[in-house]
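Taken in sequence, the protein lines are chains X and L.
Residues 293 to 656 (my numbering) make up the first sequence, in order.
Residues 20 to 706 (my numbering) make up the second sequence, in order.
Any given hint could turn out to be false.
Straight-line Cα separation of at most 16 Å, EDC-like style, residue types lysine to aspartate or glutamate; simulated pairs [what the hints assert, rightly or not]:
#, chain 1, residue 1, chain 2, residue 2
1, L, K455, X, D298
2, L, K263, L, D213
3, L, K409, X, E409
4, X, K590, L, E50
5, X, K590, L, D61
6, L, K409, L, D596
7, L, K387, L, D336
8, X, K360, X, E433
9, L, K263, X, D448
Which chain L residues stay away from chain X? Per the calculated CB distances, all over 10 Å, these [what the hints assert, rightly or not]:
#, residue
10, E50
11, E208
12, A350
13, V354
14, T564
Using C-beta positions, here's what the derived DEER-type ranges look like [unchecked claim]:
#, chain 1, residue 1, chain 2, residue 2, range
15, X, P439, L, R579, 56 to 62 Å
16, L, V510, X, R329, 54 to 60 Å
17, L, G188, X, P439, 35 to 41 Å
18, X, N514, L, G338, 46 to 52 Å
19, L, A350, X, D476, 25 to 31 Å
20, X, T315, L, V510, 45 to 51 Å
21, X, Q653, L, D206, 47 to 53 Å
22, X, S413, L, L612, 33 to 39 Å
23, X, P587, L, A94, 44 to 50 Å
24, L, G516, X, D298, 55 to 61 Å
25, X, R414, L, E454, 43 to 49 Å
26, X, Q653, L, L612, 39 to 45 Å
27, X, Q406, L, V510, 57 to 63 Å
If you're looking for bench data, these hints aren't it; they were derived computationally from the structure.
Glycine included, C-beta positions come from ideal geometry on N, C-alpha and C.
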Amino acid sequence: MPEAADIDRLRAEFEAALAGAATEPTLREVRDRYLARKGGVIAALMKAVSGAAPADRPVLGKLANQFKHDVEEAIEARRASLESGRPAADSVDVTLPGRQAPLGHLHPLTLVRQQIESIFSRMGYEILEGPEVEDDYHNFEALNMPPEHPARDMQDTFFLANPVPQTGLGTPGTRTSTRPAPPDRPATLLRTHTSAMQIRYMEAHEPPVRIVAIGKVFRRDNPDLTHTPMFHQFEGLLVDDGVTFADLKGTLTAFVREIFAPDTKVMFRPSFFPYTEPSAEMFIGCVFCAGAGCPVCKRTGWLEILGSGMVHPSVLEAVGYDAERYSGFAFGTGIERVAMLKYGVDDIRLFYENDLRFLEQFSF
Amino acid sequence: MKLLVSWLRDFVDLRQPVAEVASTLSMCGFEVAGIEADEVIDFEITANRPDCLSVAGLAREAATAFDVPLRLPWADPAGHSVTSGARAVPTPSRIDGERISVSIEAPDLCPRYAAALAEVTIGPSPDWLAARLTAAGVRPINNVVDVTNYVLLEIGHPLHAFDLERLDGRRLCARRARPGERIRTLDGEARALDPEMLVIADGSSAQAVAGVMGGAASEVWSGTRVIALESAYFKPASVRRTSKRLGLKSEASTRFERGTDINVPVVALERACSLLERIGAGRPVGAPIDVYPAPRGPVDLTLRRERIDWLLGVGVDDGEVARILTGLGFAVTGVPGGWRVSVPTRRVDVLREADLIEEVARHFGYDKVPSHFPPLRAVAPRPDPRMARKALVRHVLAAAGFSEAVSWTFIDAADAAPFAGPGEAPVPLAYPLSEKFAVLRPSLLPGLVDGVAHNRRHQIRDVRLFEVGASFSAAEGERHRVAFALTGAGVMEHWGGGMRPADFFDAVGVVERLGEALALPLRFADSTASCLVPGRAAAVSVGETTVGAVGLLVPAESERRGLPGGDEIFVAELDLDAIDRLAPIADTEVRALPRFPSIVRDISVVIDERLRSQQVRETIQRVAPATLVGMREFDRYKGQGIPEGRYSLSLRLTFRASDRTLTDADVQEAMERIMAALATEHGAIQR
Chain X
293 MPEAADIDRL RAEFEAALAG AATEPTLREV RDRYLARKGG VIAALMKAVS
343 GAAPADRPVL GKLANQFKHD VEEAIEARRA SLESGRPAAD SVDVTLPGRQ
393 APLGHLHPLT LVRQQIESIF SRMGYEILEG PEVEDDYHNF EALNMPPEHP
443 ARDMQDTFFL ANPVPQTGLG TPGTRTSTRP APPDRPATLL RTHTSAMQIR
493 YMEAHEPPVR IVAIGKVFRR DNPDLTHTPM FHQFEGLLVD DGVTFADLKG
543 TLTAFVREIF APDTKVMFRP SFFPYTEPSA EMFIGCVFCA GAGCPVCKRT
593 GWLEILGSGM VHPSVLEAVG YDAERYSGFA FGTGIERVAM LKYGVDDIRL
643 FYENDLRFLE QFSF
Chain L
20 MKLLVSWLRD FVDLRQPVAE VASTLSMCGF EVAGIEADEV IDFEITANRP
70 DCLSVAGLAR EAATAFDVPL RLPWADPAGH SVTSGARAVP TPSRIDGERI
120 SVSIEAPDLC PRYAAALAEV TIGPSPDWLA ARLTAAGVRP INNVVDVTNY
170 VLLEIGHPLH AFDLERLDGR RLCARRARPG ERIRTLDGEA RALDPEMLVI
220 ADGSSAQAVA GVMGGAASEV WSGTRVIALE SAYFKPASVR RTSKRLGLKS
270 EASTRFERGT DINVPVVALE RACSLLERIG AGRPVGAPID VYPAPRGPVD
320 LTLRRERIDW LLGVGVDDGE VARILTGLGF AVTGVPGGWR VSVPTRRVDV
370 LREADLIEEV ARHFGYDKVP SHFPPLRAVA PRPDPRMARK ALVRHVLAAA
420 GFSEAVSWTF IDAADAAPFA GPGEAPVPLA YPLSEKFAVL RPSLLPGLVD
470 GVAHNRRHQI RDVRLFEVGA SFSAAEGERH RVAFALTGAG VMEHWGGGMR
520 PADFFDAVGV VERLGEALAL PLRFADSTAS CLVPGRAAAV SVGETTVGAV
570 GLLVPAESER RGLPGGDEIF VAELDLDAID RLAPIADTEV RALPRFPSIV
620 RDISVVIDER LRSQQVRETI QRVAPATLVG MREFDRYKGQ GIPEGRYSLS
670 LRLTFRASDR TLTDADVQEA MERIMAALAT EHGAIQR
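Whole structure, please, built from the sequences with the hints as guidance.
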């Protein structure tokens, strides 16, 4: 005859069985074992209770009924929980990689260029491109480099075997100058700097002038770690009333602190460019060693970053500006140079190999 | 310029260590390339400062920078009254039995020619002299040549010693080379001269290429007894031209072509003669001969006080201005509002007021100029819309899986040829660096094909590259284009399958996407472009204007560029300049969203295989009512059930009216009209 202790034992057995029923089939097994009308554990218990001594029956009956109720409830609760957490019939390995449309990457020179353009746009500069093939006048003469000028050696030039028509000009803004437009000259060389574009702009515009010319330039250098016969340059020009060397320092300091780091140290040192007077080279604290001295900065702690200076009065005069009234500053550097320092690229030729393993390291 | 600091200390009383001398001069504009053995500073002298290609020039800078006196063992020629031409007699002069006659036939190239004679005994230089030369990077040769080099390094003025007895007629004449004249220079090379070049000739032939290199025939040798020392001023442009044309550079030509001091030649001769005596190498014979027909003195400039502040943004104390300029050898006189500044002839770079302000700024210190942000007085002009369009093109292609390439503007002529327009040759460079960089690219595609080949060589199978840039032709000059190349997977490999190789329509899809982004209604038609495989090549046009092409690169070309034979490279190129002219960039004008439902009908027709789907679409478009708002091919089938030479094309047509709900009857009528037109115009049979 059953006793209360037997029911407790059955309850313990049931709880263990239920705990092991983690799937619907096993849960069904447990349910059948306990709740089947024929041969189920509960049915057997009820039968046994009905055969118990009449004195025990009310207590045992109450315990058995409670047990039956608990079993039903627990199985139902487990069933509901299994159902809600049931994997779909076509369940997947969620750790497998997803299906991706291919994503391309912008060239690091484009990324740096976009940043430069954005910084100077915010400072009120107009961004210009301009022709890659130029005439001698705009590339040299108007920039204070007459024929036979030794500075022409500084940027040894690629000449075209035959002149080609100048079609790369486009429309750099509306002409504001009332002076006659200079005659079109056929292009005879690959521009050695983007300064040529500054001349073209000043020929068509009266001050104030705030422009950044950006694009490919060409010099006769055999490719090595730091040189290529083609590279990219940007050059800025500001001409207005009362522009000073102090303005140049402030502008360029703001630029390098934005494109590198806000605490970038700067230094300006006298230099020589035929189209600026005074001329200055700008250095930044070495981005690799933070000024401690390393092979990249030749242990000086400084890296040369920009050439700059106050626009030479002869250049202003060549475009018909009054050099007594107006002054200005100009600056420029290689985009590759900035990119090499920013991204830690140690071989300039990587920019032209178009190796996807290189390009894919850059963002979109 | 290698500067031996102990040599510098001959002229300036500097106690500062070598490193400090280097860093101080570097902040004055003399870049330090290196310091050797704590005694030699290697300076990079900028092209405007030939006067500092000398110990004396750098001593003057150091004296000013450290504010100490400069002591030169010769009189400063700038302070001299200019020698008159009186002594400059181009007639023979007899001195101690030796004579030399000097004349200038080309005063436009050689405004001054001075010479001195000296009796010499050729031998080695004393150790101190040889050591100084060696430290400065000059190899000692013999006492006479060494003295000329010593003076070159010290004063910066090149001298040349001829063996007098080897000069025909004992005469020196600065004249243009005769047509066909030749000379064997000191380096042993025989060189052809032309009448644009200045030579120093004796009675019969050229004995030196003026300012560039002496001739072997009159070279000083161990048996030389009397030398004629040349100290001249040659026009920079002439020396530069000659040096370039001969491909011959020397210490002398470097200085002459940048500009030497026209008033220093006699000083340099006297310095050389005194050195010869001092080292016991010889003694001067008589006084120097000086032919200087049009003497030049210092140039006076005015420096206005207010212009210093005006240009630099900081005022400089009057006393400091005068100290700096005087220290650098300018004669300074106070005048109302500023100074009158007399510029010594050695300062070929100082031509106007701004140059003087730079001199002040260099020694005042760029670091003492404040930093300031210039006021913005006007709104920046609108940006050039073409640049925005290029940026858009870049982003569309990157989003389509293409990485951006930058390739060479100049390429191999053989690589360029297949991509030049019909009947056009690429634009050649006059003197290319190499065959690889010989012509300007007529298209961006050769560079992209190289990029693909590079990646394929590095085991990258799926390559998608694009480039935006300029291309060139002789007739049209510079044109801006966008191009892309695609090879490998069309749908990327994935564990779930679906991978397939790229095909023509992947490339077309990208071009269509560009057209969509640029708001251009692109049309495609069969192309015969020579670089593309016929039948897998389409010309791309907008209206009547061809703007580019898309297709499969001819295998011969990809194989020639080192790609595996089986690789299919799909390429496309669009002319952005042509597109710029076609489509002014306009703001989007939004269409109202449809308010009524649409009705979709599929149509399948069997048509001739030569008929292009473009024509089918155009026919449908022409006859359909305005309620046809969408049309898209969704199946193309050829094979069982379709007669030979024909194919089945299925299109899905969407109809919708903007003002009412269309009825089946409306659409049915339209469909019948469309089918009838297809049947009569193209012999289409409904399937």
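Hint-by-hint comparison with the structure:
1. L:K455 with X:D298: The hint is violated at about 97 Å.
2. L:K263 with L:D213: With a Cα-Cα distance of about 13 Å, the restraint between K263 of chain L and D213 of chain L holds, given a limit of 16 Å.
3. L:K409 with X:E409: 14 Å, holds
4. X:K590 with L:E50: 13 Å, holds
5. X:K590 with L:D61: 14 Å, holds
6. L:K409 with L:D596: Holds, at about 11 Å.
7. L:K387 with L:D336: 13 Å, holds
8. X:K360 with X:E433: 105 Å, violated
9. L:K263 with X:D448: 12 Å, holds
10. E50: 8 Å, violated
11. E208: E208 of chain L is indeed farther than 10 Å from all Cβ atoms of chain X, at 22 Å.
12. A350: 21 Å, holds
13. V354: About 18 Å separates V354 of chain L from the closest Cβ of chain X, which puts it past 10 Å; holds.
14. T564: Fine: 17 Å to the nearest Cβ keeps T564 of chain L off the interface.
15. X:P439 with L:R579: 56 to 62 Å: 42 Å, violated
16. L:V510 with X:R329: 54 to 60 Å: 58 Å, holds
17. L:G188 with X:P439: 35 to 41 Å: 36 Å, holds
18. X:N514 with L:G338: 46 to 52 Å: The hinted range 46 to 52 Å holds for N514 of chain X and G338 of chain L, with Cβ atoms some 51 Å apart.
19. L:A350 with X:D476: 25 to 31 Å: 47 Å, violated
20. X:T315 with L:V510: 45 to 51 Å: 38 Å, violated
21. X:Q653 with L:D206: 47 to 53 Å: Once the Cβ atoms are compared, 50 Å apart, the range 47 to 53 Å for D206 of chain L and Q653 of chain X holds.
22. X:S413 with L:L612: 33 to 39 Å: Hint holds: Cβ distance 35 Å, inside 33 to 39 Å.
23. X:P587 with L:A94: 44 to 50 Å: 47 Å, holds
24. L:G516 with X:D298: 55 to 61 Å: 60 Å, holds
25. X:R414 with L:E454: 43 to 49 Å: 45 Å, holds
26. X:Q653 with L:L612: 39 to 45 Å: 43 Å, holds
27. X:Q406 with L:V510: 57 to 63 Å: Given a distance of about 31 Å, which is not inside 57 to 63 Å, the answer is violated.
Of the numbered hints stated above, those contradicted by the structure are hints 1, 8, 10, 15, 19, 20 and 27, listed in ascending order.
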